[in-house]
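Colleague: Listed below are the residues making up each chain.
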Amino acid sequence: MAFVNPKKKEVQVKIVYYGPGRGGKTTNLEFIYDKFSSRIKTEMVTIKTHGDRTLFFDFLPFDIGKVNGYDVKIQLYTVPGQVKYNATRRLVLRGVDGMVFVADAMAVRREKNILSLKNLQENLANYKRSIFKIPMVLQYNKVDLAEQGIPILPIETLEQDLNSKLKTASFPASALVGTNVVATLKKIISLTMASIVKDLT
Amino acid sequence: MSYMLGQEQLDGIENVLQRDLIDIGVGCVFLIDMAGNIIANRDNGESRHDVYSLAALAAGNFGAVSAMAKIIGEGEFSLLFHKGKKENIHFNKIISEFLMITIFSNDISLGFLRLKVNEAVEKIKNALGAIDVP
Numbered sequence: 038m039a040f041v042n043p044k045k046k047e048v049q050v051k052i053v054y055y056g057p058g059r060g061g062k063t064t065n066l067e068f069i070y071d072k073f074s075s076r077i078k079t080e081m082v083t084i085k086t087h088g089d090r091t092l093f094f095d096f097l098p099f100d101i102g103k104v105n106g107y108d109v110k111i112q113l114y115t116v117p118g119q120v121k122y123n124a125t126r127r128l129v130l131r132g133v134d135g136m137v138f139v140a141d142a143m144a145v146r147r148e149k150n151i152l153s154l155k156n157l158q159e160n161l162a163n164y165k166r167s168i169f170k171i172p173m174v175l176q177y178n179k180v181d182l183a184e185q186g187i188p189i190l191p192i193e194t195l196e197q198d199l200n201s202k203l204k205t206a207s208f209p210a211s212a213l214v215g216t217n218v219v220a221t222l223k224k225i226i227s228l229t230m231a232s233i234v235k236d237l238t
Numbered sequence: 767m768s769y770m771l772g773q774e775q776l777d778g779i780e781n782v783l784q785r786d787l788i789d790i791g792v793g794c795v796f797l798i799d800m801a802g803n804i805i806a807n808r809d810n811g812e813s814r815h816d817v818y819s820l821a822a823l824a825a826g827n828f829g830a831v832s833a834m835a836k837i838i839g840e841g842e843f844s845l846l847f848h849k850g851k852k853e854n855i856h857f858n859k860i861i862s863e864f865l866m867i868t869i870f871s872n873d874i875s876l877g878f879l880r881l882k883v884n885e886a887v888e889k890i891k892n893a894l895g896a897i898d899v900p
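So the protein sequences, as listed, match chains E and S. Just so we're aligned, residue 38 is where the first sequence starts under this note's numbering, counting upward by one. Just so we're aligned, residue 767 is where the second sequence starts under this note's numbering, counting upward by one.
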C-alpha cells in the first residue's frame, strides 16, 4: 500500500523480509545499514527479546533518490520468524508492497522454510493478497556454511521446494558477509517500483 | 495496492493539524496509515523526532493493542495514551485506515488535548471525504 504524496513529491514503499526464525532477515538489514550508512539518516529500529531474537520487527528507512521526479522512501521491515509470533508477523504485513523471503539453506532447515512460505501465503490471504501477485524475491541464505562442512541444500532442491510455483527471482546469499544482499535488495526494489508505477497508471 | 491523496486534501489536513493542534501548543502531530506511511505531519519547529521510525512503531503498537482488545472481547480501546515525564503520546483512530499521533508536553492537559483532537479528527474526516484505501 504505497502512499504517493503529490505535495511533497514523495512515495513511501514498504518492503518486508520474511522467513523462518534464525534465517538471517535481521542480518540482511544490518548489512544494508552498515553498507549504506551515509544514505541512512536515522538509527535502525529493532525490537528484540533478551535472547537477541526479533520480537516484533526491525525497521530501516532508506532513500533511493528520485524516480519520475518523486523522492522514493523505501521502508524495510523484518518479521519475527519464530512460529509462536504469528500475530505480530501478520501485523507487519499490513500494507506491504514487496516481499523478500529469506530461506535458510542449511539442510536441517528444509521443512522450516516450506512451512514459513506456506505461513506467508496464509497471512497474505488474510489481507486478501495473493502470494503469486505480490512482488517477491527469494534469497537462499547461509550458502557460505558449505565451506565449513555444514550440509547445505542444493540450489535445485531449494528452487523445487520454494520457487516451483512462484517462479520468481532468487539469489544464493550470505547475509553475514554480504554476498548478494545488495543484489536481493536491488531486485525487490525494481520489481516493487514497477508494480507501483503499473498500479498508478 | 498504491493510493494517493490530492494536493487540496493534503493542504486541508495540514491546515487542520497546524491550526487545531500545533497553534495550541502541541509539539508534533502526524497522520499515518496503518501500514506505517506518513500522510501529513506538522511540528512546532523545535521538535526533532525521527517521524518515520515513530510512524512505523506507532502503526505496529496500535495494531498490537487492537489485537489485544479483540482477544479480551473488546472491539477496540477508545483511549491510547502513553505518559512520560516531559512528553506524552496520544493515538486517535480516524476511520479504519488512518491514525493521528500527537506528541505533547505536560503544559497541555490530557482532557484539553482530547477535546482539540476530537475536533481536528472531524475536520480531517471531512477533508478526506470518501477516500478509497486499498
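The hints are simulated quantities; they were obtained by calculation from the structure and are not laboratory data. Warning: the hint list may mix true and false statements.
[Claimed, not checked] Calculated pairs, DSS-like style, for lysine-lysine (alpha carbon to alpha carbon, straight line, at most 27 Å):
1. Lys165/E with Lys155/E
2. Lys165/E with Lys859/S
3. Lys165/E with Lys851/S
4. Lys46/E with Lys852/S
5. Lys155/E with Lys836/S
6. Lys889/S with Lys85/E
7. Lys891/S with Lys46/E
8. Lys889/S with Lys46/E
9. Lys155/E with Lys204/E
10. Lys165/E with Lys836/S
11. Lys889/S with Lys78/E
12. Lys45/E with Lys852/S
13. Lys852/S with Lys44/E
14. Lys121/E with Lys889/S
Colleague: Against each hint, give a clear statement of whether it holds in the structure.
Modeller: Tested hints:
With a C-alpha separation of about 15 Å, the suggested pairing of lysine 165/E with lysine 155/E holds against the 27 Å cut-off. At roughly 22 Å between alpha-carbon atoms, lysine 165/E and lysine 859/S fall within 27 Å of each other, so this suggested pair holds. Taking the CA atoms of lysine 165/E and lysine 851/S, the gap is about 42 Å. The hint is violated against a cut of 27 Å. The straight-line distance between the Cα atoms of lysine 46/E and lysine 852/S is roughly 34 Å, outside the 27 Å bound, and the hint therefore fails.
A hinted pair counts as satisfied when its Cα atoms are at most 27 Å apart, and lysine 155/E with lysine 836/S qualifies at roughly 25 Å. A distance of roughly 39 Å separates the Cα atoms of lysine 889/S and lysine 85/E; the hinted pair therefore is violated under the 27 Å criterion. Using a Cα cut-off of 27 Å, the hinted pair lysine 891/S and lysine 46/E holds, with the two alpha carbons roughly 23 Å apart. For the suggested pair lysine 889/S and lysine 46/E, the alpha carbons sit about 24 Å apart, so the restraint of at most 27 Å is met.
Straight-line distance between C-alpha atoms of lysine 155/E and lysine 204/E comes to about 15 Å, which keeps the hinted pair within the 27 Å bound. At roughly 20 Å between alpha-carbon atoms, lysine 165/E and lysine 836/S fall within 27 Å of each other, so this suggested pair holds. Under the criterion of a C-alpha separation no larger than 27 Å, the hint pairing lysine 889/S with lysine 78/E is inconsistent with the structure, at around 34 Å. Taking the CA atoms of lysine 45/E and lysine 852/S, the gap is near 31 Å; set against the 27 Å cutoff, the hint is violated.
Between lysine 852/S and lysine 44/E the CA atoms are separated by roughly 33 Å; this puts the pair beyond 27 Å, and the hint is violated. Between lysine 121/E and lysine 889/S the alpha-carbon distance is near 41 Å, which puts this suggested pair outside the 27 Å criterion.
The structure does not agree with the numbered hints 3, 4, 6, 11, 12, 13, 14 stated previously, though it agrees with the rest.
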